[in-house]
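Visitor: Following the hints, put chain S in place on chain R, whose structure we already have.
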Amino acid sequence: DQQVKQNSPSLSVQEGRISILNCDYTNSMFDYFLWYKKYPAEGPTFLISISSIKDKNEDGRFTVFLNKSAKHLSLHIVPSQPGDSAVYFCAAKVEQFYFGTGTSLTVIP
Amino acid sequence: NAGVTQTPKFQVLKTGQSMTLQCAQDMNHEYMSWYRQDPGMGLRLIHYSVGAGITDQGEVPNGYNVSRSTTEDFPLRLLSAAPSQTSVYFCASSYSPGAGETQYFGPGTRLLVL
Chain R
398 DQQVKQNSPS
408 LSVQEGRISI
418 LNCDYTNSMF
428 DYFLWYKKYP
438 AEGPTFLISI
448 SSIKDKNEDG
458 RFTVFLNKSA
468 KHLSLHIVPS
478 QPGDSAVYFC
488 AAKVEQFYFG
498 TGTSLTVIP
Chain S
34 NAGVTQTPKF
44 QVLKTGQSMT
54 LQCAQDMNHE
64 YMSWYRQDPG
74 MGLRLIHYSV
84 GAGITDQGEV
94 PNGYNVSRST
104 TEDFPLRLLS
114 AAPSQTSVYF
124 CASSYSPGAG
134 ETQYFGPGTR
144 LLVL
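These protein sequences, in sequence, are chains R and S.
Take the position in the first sequence, starting the count at 1, then add 397; the result is the number in this note's numbering.
Take the position in the second sequence, starting the count at 1, then add 33; the result is the number in this note's numbering.
Treat the hints with care, as some may be off.
With a straight-line Cα cutoff of 30 Å, these simulated DSSO-like cross-link-like pairs (lysine-lysine) come out [unchecked claim]: (1) R:K451 <-> R:K468; (2) R:K402 <-> R:K465; (3) R:K468 <-> R:K453; (4) R:K434 <-> S:K42; (5) R:K402 <-> R:K451; (6) R:K402 <-> S:K47.
Derived by calculation from the structure, the hints in this document are not laboratory data.
Isolated chain R, as found in the complex (with noise of 0.2 Å):
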């Protein structure tokens, strides 16, 4: 059973608005998140995380959003740029890491 799960499986916008992807979990003892990107044919690439005792994550453009009492995982990129295009996996910890499916975003010029 899928402890982890991303609803969307693709996601596109336009350059300079905001991306949103969201990620959804059930087991309510991970105590960490984190977002990866993957370029195709390359390894994930971690981006950013968010301990449990925390709501909201910042670095530069990515900011990680942590609803507890809804178990839900959000990444909002602001702006999107068309580099961003790639797909996004959502995990979480707890002794191990649970990933998410996936989302592939696509920045349009």
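Guide: Leaving out everything else, chain S in the frame of chain R:
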């Protein structure tokens, strides 16, 4: 500093053949892991290791063996390949298995089992 390296990049096997996927890291990371990526399934953990001589099973360990004789290397063995093992395999490492540690991924090995 090469990071996490994986060989081969691509492999075709026949059902029943065996092979070893190689993974090495030069960052002195204690924690290493193997994932497989399948369409619609995301990344699933196969096996992981918290240090030399210590390995444990992840979410989908059946059909795979691992060992960790050195800090640097963490090979994944398929003893008798099956078509269900057709996938892209990623090796990852981090300094420790702690919650705050980011994993660094290799470029992946694409495996096709006929």
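Visitor: With reference to the structure, classify each hint as holding or not holding.
Guide: Hint-by-hint comparison with the structure:
| no. | hint | in the structure |
| --- | --- | --- |
| 1 | R:K451 <-> R:K468 | holds (13 Å) |
| 2 | R:K402 <-> R:K465 | holds (15 Å) |
| 3 | R:K468 <-> R:K453 | holds (14 Å) |
| 4 | R:K434 <-> S:K42 | holds (20 Å) |
| 5 | R:K402 <-> R:K451 | holds (20 Å) |
| 6 | R:K402 <-> S:K47 | violated (33 Å) |
Consistency with the previously given hints fails for number 6 only.
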